[in-house]
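Kindly produce the complete structure, drawing on both the sequences and the hints.
2 protein chains.
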Amino acid sequence: MSLMSKQVTLSQAAELLRSVEECIILTHRYPDGDAIGSSCGLAILLQSMGKRAKVVCGDPFAARFSHSTDGVKPETVSPDAPVVTVDLADVQLAGAEYTALAERAFLAIDHHGTNTGYADYTFLDRDAAAACELVALLARELAVPLTRDLANCIYTGICTDTGCFKYPSTSARTHRIAAELIDAGADAAAISRIMFDTKTPARVMLEKAVMDSITYGYGGKLAVTLLSKAVIEESGAEEADINGLSAMARQIEGVELALFLRETGRERYKISARSGDLVDAAAFCAKFGGGGHRRAAGCKLEGDLDTVRQRLIEAAGEVL
Amino acid sequence: MSLMSKQVTLSQAAELLRSVEECIILTHRYPDGDAIGSSCGLAILLQSMGKRAKVVCGDPFAARFSHSTDGVKPETVSPDAPVVTVDLADVQLAGAEYTALAERAFLAIDHHGTNTGYADYTFLDRDAAAACELVALLARELAVPLTRDLANCIYTGICTDTGCFKYPSTSARTHRIAAELIDAGADAAAISRIMFDTKTPARVMLEKAVMDSITYGYGGKLAVTLLSKAVIEESGAEEADINGLSAMARQIEGVELALFLRETGRERYKISARSGDLVDAAAFCAKFGGGGHRRAAGCKLEGDLDTVRQRLIEAAGEVL
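Top to bottom, those sequences are chains A and B.
Going by the working numbering, the letters in the first sequence line up with residues 171 to 490, in that order.
Going by the working numbering, the letters in the second sequence line up with residues 171 to 490, in that order.
Bear in mind the hints are in silico, worked out from the structure with no lab data behind them.
Be careful, since some hints might not be right.
Straight-line distance between alpha carbons at most 16 Å, and here's what the computed EDC-like set of lysine to aspartate or glutamate pairs gives [said to hold, decoys possible]:
(1) K369/A with E423/B
(2) K470/A with E433/A
(3) K378/A with D382/B
(4) K336/A with D367/B
(5) K176/B with E273/B
(6) K221/B with E191/B
(7) K176/B with D295/B
(8) K440/B with D476/B
(9) K399/A with E433/A
(10) K440/B with E488/B
(11) K470/A with E437/A
(12) K378/B with D382/A
(13) K369/B with D450/A
(14) K391/B with D450/B
(15) K336/A with D357/B
(16) K399/A with E409/A
(17) K369/B with E426/A
(18) K440/B with E404/B
(19) K470/B with E433/B
(20) K440/A with E488/A
(21) K391/A with E423/A
(22) K369/A with E426/B
(23) K221/A with E245/A
(24) K221/A with E191/A
See below:
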């Protein structure tokens, strides 16, 4: 956390939001359920307070997130409107197109311990299972009623970031918020089905490719999977089809560190690390300039596949 | 619900439990997480009230449920101790060995709308997502503190019966109970991981084989998958590794009928049919002398693979 950014409490964050008349809400590229849910949720929240809000992201939001996106009114805001980021740990994660926008953020709402403190003010709660959990707290603090649309956004982020309440980040507070969301009419079962129990044919193709790619190391404690650009293109997959593939190998009995290599360009790989109790995935990724959470982190590597894989396997040996 | 059984409220059920000094707790055969969690949970609850309680079931509880079973003290009760059933909709489901015991139940604690009313008193709440949800309510009603062991039992039943909070049966109450369980120290993440996110290497191999085998028909409304005897043997899979493979193709977007062919012998196939809203899987399987539920049914076919597959595809055309 940079010394440049002032850490603010929930009530201070609420006060900052109250102070704006319009707002650009920015989240990270490769948007997942929490990025989409928290950005759309915050937009709905601010719009219901009579403010103009617009969500921006370096990638489009997939159609299956319509439960979250439908509630946001399309609005125009001035290009120099204040910027609030959600679920954005680092300005780089906004993508090249939006890095500059992220750099002028006045408020960051985040749950990543690795948040770099790029914003003027940072509302960071690393105990929150999702950025959406913070949107729920802000709604309560600002006395904004949970409409069904807002509840759907928040539920989407919470259920996706917790693997539907399975991950250790799920707290009693997470469940209490979920209860409020259901009371508010959230389409919890329908959203859960879309997020977890519906696979596009493209997703099925990607899962096959990932499973076919599994290699093990260190007596089965390491599993490495690969998703090539060619397979992604051949499958016609959208970004949403790719989310969560990184966790597949983590489910295998005995695997303590699962590394998922996604080819993003020529000799460029985005690595997602998912770990068990014994390994700190964030510390592992830090070896390569990356970061994240203890159980889920990421980094980038360049080079030919064999070299990249070998570097990762060697580094894994130091933590396994 | 039989007229012979008196429907009781939560407080009446609690009063009935208070009145016993010892108790045999019976649940259904092929015990799942809710059967195990609710029977062990009730035993822990009664034991903590100073009563003797013993759990019985027609099948052993699997080792992966140790989070639930470990908290139960082994105790001896007289053979004619009062019988309480949990999660048992019908005496037949106790299995032949325990049908007579079920028939003399004085209290049934259940959440199945199909409960036949075999017990003297029935505490039935069909809005409960799990029998374990009722054990949680009883603990509160009886002012029994939620110990970690008791919380683990209840969490196990709730998470398994709701597909980890995904199914429509999950209510705001379900989440509020989960919050209390986590406050009480339930190992929620560890239990969820064991129940949902742990795959044996054999299971991974079978899933790969099933996914590799997918063929589609009728514009993607039919998906047919195959698991050969050779693959099962090569993988070293146990029966538990095969459970649920039939549902894999059902998750694919657009698939209304998923047929899973499991080779059981030379030119012998066991077919599992899983359907969406539009197709009656039981009616489909009835064409081949099988049966089951609307969304999940089965049948058997003999012949060479191509012929079997062709017969199924033709029959599928009549229902799609």
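Tested hints:
no.: 1; hint: K369/A with E423/B; in the structure: holds (5 Å)
no.: 2; hint: K470/A with E433/A; in the structure: holds (10 Å)
no.: 3; hint: K378/A with D382/B; in the structure: holds (7 Å)
no.: 4; hint: K336/A with D367/B; in the structure: holds (9 Å)
no.: 5; hint: K176/B with E273/B; in the structure: holds (15 Å)
no.: 6; hint: K221/B with E191/B; in the structure: holds (5 Å)
no.: 7; hint: K176/B with D295/B; in the structure: holds (14 Å)
no.: 8; hint: K440/B with D476/B; in the structure: holds (15 Å)
no.: 9; hint: K399/A with E433/A; in the structure: holds (5 Å)
no.: 10; hint: K440/B with E488/B; in the structure: violated (21 Å)
no.: 11; hint: K470/A with E437/A; in the structure: holds (11 Å)
no.: 12; hint: K378/B with D382/A; in the structure: holds (7 Å)
no.: 13; hint: K369/B with D450/A; in the structure: violated (21 Å)
no.: 14; hint: K391/B with D450/B; in the structure: holds (14 Å)
no.: 15; hint: K336/A with D357/B; in the structure: holds (11 Å)
no.: 16; hint: K399/A with E409/A; in the structure: holds (12 Å)
no.: 17; hint: K369/B with E426/A; in the structure: holds (13 Å)
no.: 18; hint: K440/B with E404/B; in the structure: violated (19 Å)
no.: 19; hint: K470/B with E433/B; in the structure: holds (10 Å)
no.: 20; hint: K440/A with E488/A; in the structure: violated (21 Å)
no.: 21; hint: K391/A with E423/A; in the structure: holds (9 Å)
no.: 22; hint: K369/A with E426/B; in the structure: holds (13 Å)
no.: 23; hint: K221/A with E245/A; in the structure: holds (10 Å)
no.: 24; hint: K221/A with E191/A; in the structure: holds (5 Å)
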